[in-house]
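Residues per chain are reported as follows:
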Amino acid sequence: MTTTTTEHRQEYGHGDRYDRYEALTGLMELMSGDEKHGPAATSTLDALWVLYDRVLRVGPDRADDPGRDRFLLSKGHGPMAYYAVLAAKGFVPVDWLPGFGSYDSPLGHHPDRVLVPGAEIGSGSLGHGLPIAVGTALGLRAQGLHDPRVWVLVGDAELDEGSNHEAIAYAGPAGLDRLHTVVIDNSSASWARPGGIAARFEAAGWSAATVDGRDHEALYAAFTAPHPGLPRVIVAQVEPKDS
Amino acid sequence: MDTMRDRFAPVVSRLLDEDPRVAVVLAEIGMADFEEVRRRHPDRVINVGIREQLLVGAGAGLALTGLRPVVHTFASFLVERPFEQIKLDLGHQGLGAVLVSAAASFDWPAGGYTHMSPGDVAVLDTLDGWTVHVPGHPDEAETLLRHAVAADDDKMYVRLSTQSNDRALPVDGTRFLTVREGRAGVVVAVGPLLGPVLAATEGLDVTVLYATTVRPFDAVTLRHATEGASPDVVLVEPYLAGTSVSAVNDALVDVPHRVLGLGVGRRELRRYGLVEEHVAAHGLDARSLRERIDGFLGVRARV
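Line by line, the protein sequences are chains Y and U.
With the working numbering, you'll find the first sequence wraps up at 243, consecutive numbering, no jumps.
With the working numbering, you'll find the second sequence wraps up at 1303, consecutive numbering, no jumps.
Please keep in mind that the hints were generated in silico from the structure rather than gathered at the bench.
One or more of the hints may lead you astray.
To be verified - Straight-line Cα separation of at most 20 Å, SDA-like style, residue types lysine to any residue; simulated pairs:
id, chain 1, residue 1, chain 2, residue 2
1, Y, 89, Y, 216
2, U, 1087, Y, 77
3, U, 1087, Y, 162
What you are looking at is a predicted structure, and each value in this text was computed from that prediction instead of being measured.
Go ahead and model the full structure; you've got the sequences and the hints to work with.
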């Protein structure tokens, strides 16, 4: 994107729609007051957009619908891209964004499900989302809700947490085929997995794909590929954290 | 007599049959007792393997979808190992569950310290909104399990022990029961320690309250008891000594009072052996209790 800060401001001033990818940078700017965003904030942006724009069957009008898809943001740090997407899709008012992190704002530096409409979980401490997502998939199945899909987004370094290993090792043999994990891989783990992230999941009985995390068509294809009987992981590779 | 834990699977199996919201989550421990009901409700009897973080996290996920999870393993592995999951996946998410522990403070002394959890209630006490049931008899365990599961989406902890009183009392899941009345002080006996406390206070002019639901702490009944007796309170708890001292202080904040907290000692005993030997080593047998209660209340208590 080459649009300048000033032009974004003018767009908002003219009441343009926010529900488009091009608006996200401007929405994030409302939170930071800065054109440049930290790697943790932007690494998830494209995957989140493709999910919310084309894959997830969710919306502000069906927040309590038992048949909705569930998206659990486990990687709760750097949530600006998440808030921007939620604002673009109408879950939270755009005028909440400038208060980001302030005492009276519902939008913290880690999201809180109790405060943020559309947030299925509160997160921040790493390694909690995937086990909760496993339970969510089990709970939907136990109630005969076979249609909704459960998605959880984690970071590559977050996979170091042992709780994730417990969930990965269980979900494959348990055949939780409604469960989807998106790993944002910005090479931030100090001790990367020999053989790569997808291999770790495949060894545990998951369907896996590794794609360019900035390529919307590649993400969409990987997100929507069939995976009968198996949980699915999509490793979305983005530029390294320190680059 | 059967144990509280013997009641767990039969009671929860009936609840699984009766209520489509109920789901059981296990980490191998206790699985065999649920095999039969698992055939009837394969999607609501879940064994995640030996994975305690997943145990609690998955329980939270079940609650997110509207189910009522009953989560069970030994207290050390249920409360202490996945403590952050209890704090965040349940508390911070605003979700409830029924955590049911076994092995208590030292139900299996020969198993050693790895399987002891005298600190479970104190640890949960750092969190907000947990109801803590400590039954003193298998019949009470059955009652309190039913209360816990029926408590909407509340956060409930049920502590099952092999230690037990000889007979059950009509517990209601909220209030302390007044078992004996006197004037020289108030002794609060928690769960399975009622038997030793009654023996220890035989012939003493004290009120004995019986507590099987310790959180929320029944300040009303305690205050009422101290209005009829000296505001000297002895707490006798089957877990870490002093766990409820602050609850007593809060209940009597505007009343000059003294409080003695008895329970399991903090120092690791590093002994195997029998439950009775550990009870005595922590000074929780009737004779030791008598000495300590006598020493605290003094001659006033002797009729």
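Hints and how they fare:
{"no.": "1", "hint": "89(Y) / 216(Y)", "in the structure": "17 Å, holds"}
{"no.": "2", "hint": "1087(U) / 77(Y)", "in the structure": "18 Å, holds"}
{"no.": "3", "hint": "1087(U) / 162(Y)", "in the structure": "17 Å, holds"}
In the structure shown, no violation is registered for any of the earlier numbered hints.
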